[in-house]
Amino acid sequence: MNSKRFALLMVYSLIIITLIFLPKMVTLSLGKDILLKTEPVDPRDVFRGDYVTLNYEISTIDLGETPYDHDFLMGESIYATLSEKEKYWTIDSVSHTKPDINDKEVCMKGTVRGSYDDIVAVSWGIESYFVPEGEGIPIQMQMENTSVIVSVGPGCSPVLKQLLIDDEPVTFE
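Residue 60 in the working numbering sits at position 60 of the sequence shown, with consecutive numbering throughout.
Calculated directly from the structure, the hints in this document are not laboratory data.
Beta carbons: idealized from backbone N, C-alpha and C, even for Gly.
Mixed in with the good hints, there may be bad ones.
With a straight-line cut-off of 27 Å between C-alpha atoms, the simulated DSSO-like cross-links for lysine-lysine are [as the list claims (entries may be wrong)]:
(1) K24 x K161
(2) K85 x K109
(3) K37 x K87
(4) K32 x K161
(5) K85 x K4
(6) K98 x K87
(7) K109 x K87
(8) K98 x K32
(9) K85 x K98
(10) K85 x K104
Estimated spans, in silico, between C-beta atoms of each pair [as the list claims (entries may be wrong)]:
(11) R5 x S93: 51 to 61 Å
(12) F130 x K104: 30 to 40 Å
(13) K4 x G75: 43 to 53 Å
Throw the hints in and build the complete structure from the sequences for me.
Written out as structure tokens, the structure reads:
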């Protein structure tokens, strides 16, 4: 009887672990890859180790220049429709509900961090890129021309896939 309980507990544990990682794995496998321009911040956290904090040009939205459905409040979900403009993907419009998109667009879901007048600050959930210990500061020093490849799934959830500096993938040995 104990071995049956143990086996059941193991199966249950595997199901829970799979459910935690499955949405991101599906997005990375089936999502559409887009290139976003970044604006770097600080690379170190005592508790989490080295990482690069990324801010995106699309994280600050000027509603005076971007079509939207109605005003946004802090903590609300925000959906952005993006399309490729030259090299990078940029926001075409924002709304409170998931928009209908065509095959040349993607939808990203974020959270409003705050707003002032026509400016809305958004968190996309892809603001941290973890790196091996000791690599955060050297990478931060090179981040004048930084971008990322993000995979966006059908549920509008972005997953950070690759950090690029001067259009070259950042690799670690």
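Hints, verified against the model:
no., hint, result
1, K24 x K161, "holds (10 Å)"
2, K85 x K109, "holds (20 Å)"
3, K37 x K87, "holds (9 Å)"
4, K32 x K161, "holds (11 Å)"
5, K85 x K4, "violated (57 Å)"
6, K98 x K87, "holds (25 Å)"
7, K109 x K87, "holds (21 Å)"
8, K98 x K32, "holds (16 Å)"
9, K85 x K98, "holds (21 Å)"
10, K85 x K104, "holds (11 Å)"
11, R5 x S93: 51 to 61 Å, "holds (54 Å)"
12, F130 x K104: 30 to 40 Å, "holds (32 Å)"
13, K4 x G75: 43 to 53 Å, "holds (46 Å)"
Of the numbered hints given earlier, the model fails hint 5 alone.
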